[in-house]
Amino acid sequence: MRLDSSRSLLVRLFILAVLVLVPPTAIVSYRALGAFEQGMAPEMDKKAAIVGQDLRTQLERAVGYGVPLERMVGMTEFFAPVLAANPELRYLAVSDPDGRLLYLHGAETAELQADFRTAGFGTGRDGHKISVGPYFDVALPVQAKGGAVIGHLHVGFDRAYVTDRLANIFLDVAVVLSVSLIVAFEVLLFVVFFNITGPLKVAGWVVDRVRRGDFEHVPSVWSGDEVGHFVRAMSNSVRRTDEAYRGLMAYIEEVRTAHFDAGVVARVAEVADRVRFLFRFSPDGRPAPLGQRMATDIRLPLFLFVFAEEMSRSFMPLYAGGLATPLPGLSVEMMTALPIAFFMAAIALASPWAARVTERVGSSRAFVMGMVPAALGYVMTGFVFGLFDLLLWRVVSGVGYALVTVAAQTYISQAAREEQRAQGLGVYVGAVLTASICGTGIGGLLAERIGFGATFFVSGALVVLSGVLLARIMAESEPPAVVAVAARPKFRRLLANWRFTVLMLFAAVPAKMALTGFLFFLVPMILWQSSLTLSEIARMVVLYPLVMAVTSAIASRLSDRFQWRAGLVALGGLIGGIGLLAPVVLDGTLPIAIAIIALGLSHGLSASPQLALIPDVCWTECRAFGRVSIMALVRTIERAGSVAGPLIAAAFIPMWGLNGAVIGLGVLVLALAAFFAIASGAYGSGPHIETEEETA
Amino acid sequence: MSWSLARKVSAALVAILVCTMALTAYFGYAKFAEQMSAQVQSRFSFVVFTIKRKVEDGLSLGFALRQLRQTQDTIELEKARDDRVLGIEIYDASGEVLFNTDRGGVGSAVPEAWIEVLKGAPGKAFSLTDEEAGVVGMPLVNTLGKVEGAVVLRYPAAYLEQGLGEMLGRLAFELVLVVSGFAMVAAVAAYVLLGAVTRRLGAMEATLAKVMAEGGEAVPDPGGGDDFEVRFAEFVARSREAVEHIRDSTDEVERMDRLA
Amino acid sequence: MIARRLLLALCAAAPLLLPALAGAAENGASAEKGTPARPYRIYMVLYRGWEECAKGFKDYFTNQNIPVELIIRDAAQDKSRIPGFVAEAKELGVDLVFTWGTTVTQEMLGTYDKVDPEKHITDIPAVFAIVSQPVGAKVVPDFKSSGRNITGTSYLVPMETQVNLMRSYLPARRLGMVYNPLEANSRVAIDELTQLGRRLGYDLVAKAVDLVDGKPSVASIPGKVAELKDAGVEFLYIPPDTFLNVNRDVLTGAALEFQLPSFAAAENPVLNSRAMIGGVYRYYTVGQLTAYKAEQILVHKVAPKDIPIDAPKRLSIIINMPVVRALGVYPPMNLLGLAEVHDPEAGP
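Protein chains in written order, with the numbering used here: chain A, 1 to 696; chain B, 697 to 956; chain C, 957 to 1304.
No incorrect hints appear here.
List of simulated lysine-lysine pairs, BS3-like, C-alpha gap at most 27 Å:
hint: 1; chain 1: A; residue 1: Lys145; chain 2: B; residue 2: Lys748
hint: 2; chain 1: A; residue 1: Lys46; chain 2: B; residue 2: Lys820
hint: 3; chain 1: C; residue 1: Lys1011; chain 2: B; residue 2: Lys750
hint: 4; chain 1: C; residue 1: Lys1035; chain 2: C; residue 2: Lys1094
hint: 5; chain 1: B; residue 1: Lys750; chain 2: A; residue 2: Lys46
hint: 6; chain 1: B; residue 1: Lys842; chain 2: B; residue 2: Lys820
hint: 7; chain 1: B; residue 1: Lys842; chain 2: B; residue 2: Lys748
hint: 8; chain 1: A; residue 1: Lys201; chain 2: B; residue 2: Lys704
Hints in this document: simulated from the structure, not taken from any laboratory.
Please read these numbers as outputs of a predicted model, since none were measured by experiment.
Using the sequences plus the hints, can you model the full thing?
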């Protein structure tokens, strides 16, 4: 295990997390299931008894009219509707006093006959319960007019019924557990990076400098733990060396200025030169603290923040739909789409402003500033009365979201300057993806139990938590570096680059359109109409980030190794478009699941190659304006697609219905993707320096 | 606040464990309560249904709802059969209670919501919640398809907690036990896992202190010294060298200073 | 039977007012209905005196707390009295007219192709009941709408419903029928049953009773039943035929003797003889349904032509338990649950 590398320690700690989280959840779930089963058993008995008593009354009436018990007619038709109306009951039967089955519906005679012959059901009016094979059997005596017991009516129910009904608890538990494991991973990642790997990395740099005789720096670490203690010891050692040097230099200075013998002065100067030649010390009079901001430092706050936003992912249109009241000139569908569109538009419009704020106050502070409107927006979203205040608070949240994401990206790109840039980007994408998986899954589950409003409060609380965490991190890290103001890219000149324009309009924009129009907007509405529960909807929606997480890991490797970028983007677009056409051939919720998976696959394949493609297609522009500002522009253009998605889908619904809207969106996306696939054939590969000549 | 690494990690793990278990318990209980109340409701619905059938048989014979005197016996019998039933009432379409297991309640008016529900979805079973009672009801429909009134059954809303308090208490106790057990496991394991890091840091620190104070060689841990420790040994050596060199130089300067 | 005796007392042609101050005493608050300042005045014209249908009609208003004033007139099977009732109804300016039976209905309201505002009620809305063939008697052109200011109820159980009831008791593949060849209705019944059989998968064996001196012979009935049994008939259908009704004991007795389950389209053969099962609409229920339609007109202000003419939804099934026991052909449980069981030997 390497002390300044986190991997093996992290793996061990994560294994520990699994060991500490999974077994207790399993133990408690199992115990609870048993207890719940026992708790419900008396209710099951009562239900069986009450149904049995009613049937017995009818049988005894018939017997009273002189119908012999063994010659009853139409017993199957008599029993069938009762079984149909009471799903916990598995069979109904009548046996004679010897336990021979006269009538049976819902089970096989062979399953019961042997036990019935030996059971002896007694004559108590309230019946007698025995266990027969996989069933519980409640036997009620049937009496003739005189009171003689002439047989028994049997109500059978499944022993496993309660277990089966409760088994879908496990789905909820599985979601909670998965989310917990991911959160545990994020937290451990943070703890290890922030407390161990980060400081030791800084210590390592100082070590390397000292090895080269350079005592100019001390590691700046303030934590009170073992790492902090160690690093302080190191600092002290460096400082002591520095002090010794200062002492020597002061002495030499004294000798040089005060000594009368020029020969001694010259020799003392030689000593000073020798020491300076062998070792380097800070020119400022004391060693400078060397600190380093790590991209991973803000991963956890970012994760929590995105988690908060993703909580409402699977039900936002349902929440909005419940508030929408018809307005002249605006369909309910369109009003339902507006909160998503407004949120996206707020992000798009606020991003340039957010970038300026970040430049002025620094990324960490901008990050914390963004938390305020975001948290306020979520809490107030939980309180809204109508669509208009919902729109207002979504916009407020959107502004916060823009500020936080821009600040986070800036922070990461600054922090990752020395490291590999891709790694820094991985931190951002990773946090967003895992947060998306967790937030979506747990959000639906929570909303189902505590309601939409309360779920938004939880979102608000998460943002506050994220803010507190970030404030602590900032307290321990150095003030923000001054950012060079990037040149503003010329829109015109970029759009004149046909490769860039085609990539934006026919790959990036349709991808976002499908994401917001289909996944964010149509999917919750369609699944809700198919009477899925909120947690089931969330489990479907979560397929997207899951599939995307897996695919993107593979795709970015492919794209790096084979420089196969445009092709992957085109392939991704086509897969996404075709997936949306699944409702053409299939019915029900299956095509929606297919479309979601296809979309995850599509974006997983195309997202990182698309980013990597941008410096390729506008190499000169990147050089002229800086990559960061080009990327900001790319995001703004993409967001136009995000805004358009739900609006287009909402416009389709009144014409073709929900499924029709999916297909309509699919046709649109597929058409655009197909155009890109054709156009990208002309891209060639590698950086396109020649664009400079073309546009010049 | 000075927390050791092991404490930080175990605190994080325990916090996550507690949240996970709390959420699991909450969702589990909610699901159970949902199933349980569905089961209870289905049983009471069945009772209501049998009463409805009897009353409607009477209606189809041409009697007016208020004339069906034997209905009073029917509902009293059904209430007597199940001690969980708070009461059964039959009221007409205008909301007047015609029969009630609590005979004093006959003639009173039912809550507005009970009348509304008959107008909303005619002919369908309904369930409502009163202040502290759950209510299941079914409309009474005559042969002409007209809603004449409804039969409702009230049962305690706290029904779930009544019989299950002990069981839930036991489960909660087990939950606390399991959580504390695994919290301890987490703490111990975190201590062990991070102990290696702590030990090696401590060893390096000690070496640094020793070498700087007394001189000598900084030898990286012979067994598992990694790259960092090798580099650190060089750091120590170089620091020592610098200190010694400076000391020697100081001596030299002093000598020269004194010589002159 | 009490009702029947009561109606004899009411039969006097003298006007007799029966103010039905229904709910007023029992229930002060009839909140849901806009209680009019005065009760609705309904002019009832009967043909055979006060009976179950009229009683059901009256009770409905009592049960529903609708205040009505019933002006009851009985033609006592004398067609000549009816024009006087028309004049009186017009003179009184009542809110609604109720007519009982085909004759009264035709005379009071005219047929749809021959309405004379002089001779018939046209401006006052009217409901009719106990008209066996509302379309055949030209009271209405079809069951969906009368096309004029009247509506009403039908009371005969559709043949298909009867057959379905019979076959739900016993899935017979061959039905039998003994009929009076002089009764035109019997021929109609045979045609209907035969046609239905083609669709529903059974066949019909019909035997006419012998005619002696141009009159149907009672003595020939048991022989005909025996022939049916020999022909493999599983269920005997007894049509609502006057001759057979009068001789129901002979017919149902023979059926029992030859172990043939019998189904009657009227109450009498089941309740007062030995038919095994019957399916009928109770006159009382028909009267209630008619009153329900009157309520639609009076209280809810629905135009009579917008109210379809139909029969009660719920069929009264009567099972004659002693006959069932004697035959040993037991009813299916679900049917038994729906039926009214006639079992004088065992009590209720």
